[in-house]
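**Student:** Going by the numbering used here, 73 is the number at position 78 of the sequence shown; the sequence numbering is gapless.
Be aware that a few hints might be false.
Unchecked claim - Lysine to aspartate or glutamate pairs mimicking EDC-like chemistry, simulated, CA-CA at most 16 Å apart: (1) Lys62 with Glu43; (2) Lys53 with Glu43; (3) Lys138 with Glu106; (4) Lys62 with Glu35; (5) Lys53 with Asp83; (6) Lys82 with Glu106; (7) Lys62 with Asp33; (8) Lys82 with Glu95.
These are calculated hints, taken from the structure and not from any lab test.
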Amino acid sequence: MACNSTGKTSLPLAALLVLLVGCAGQEVRQPEKPIGKDPELAASYEQEGRVAFEEGRKGAAVNAWQKAVELDPTRAVTVNNLALVLKDQYRFAEAARLLELGISHSPDVAELHFNLAVIAELYLLDLQTALEHYNRYRQLTDKEDQQVAGWIADLERRLQ
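The task is simple: from the sequences and hints, build the whole structure.
**Tutor:** Put into structure tokens, the structure is as follows:
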């Protein structure tokens, strides 16, 4: 408590100091509830995103698909769709990170590898990553894709 010149305690000043000190401290907030795995809610957001995309509302589609992926990152189709829209919005690094996340949960989905390879090669100029994922795409697909084979040969030449 603070004292005035007469030696008496000044309660209003002390109360003011307590209030000021209390206000200067860090704000205490409740932690946000972490988003958990919820496949049913993820499916709902996935559908919401699909409808928004079909109506030409790409921003709304991105928002819904991001929520769906947060709730269930194993949904390869949603990850792939979201990554392609992000690519169209020139958000190449974000799209690549999303595809890598999708591959970590669904490593045998060929389309994720293909799209990561395309983004890595054409937009991020990461030729080694592109080559790795084109090769993985070829391993996962049954048909012999001559166009992809040509891209792989070209990348191998460029990386030498």
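**Student:** Hint by hint, note whether the structure agrees.
**Tutor:** We went through each hint and held it up to the structure:
Between the alpha carbons of Lys62 and Glu43 the distance comes to roughly 10 Å, so the proposed pair stays at or under 16 Å and holds. For the proposed pair Lys53 and Glu43, the alpha carbon gap of about 11 Å is at most 16 Å, so the pair holds. The hinted pair formed by Lys138 and Glu106 meets the criterion: a straight-line CA distance of about 14 Å does not exceed 16 Å. A threshold of 16 Å between alpha carbons decides the hint, and for Lys62 with Glu35 the separation of about 12 Å falls inside it, so the pair holds.
As the CA atoms of Lys53 and Asp83 are separated by approximately 10 Å, the hinted pair is consistent with the 16 Å bound. Restraint check: the Cα-Cα separation between Lys82 and Glu106 comes to about 15 Å, which is no more than 16 Å; the hinted pair holds. Only pairs whose Cα atoms come within 16 Å are accepted, and Lys62 paired with Asp33 is accepted, the gap being roughly 10 Å. About 14 Å separates the Cα atoms of Lys82 and Glu95, which keeps this hinted pair within 16 Å; it holds.
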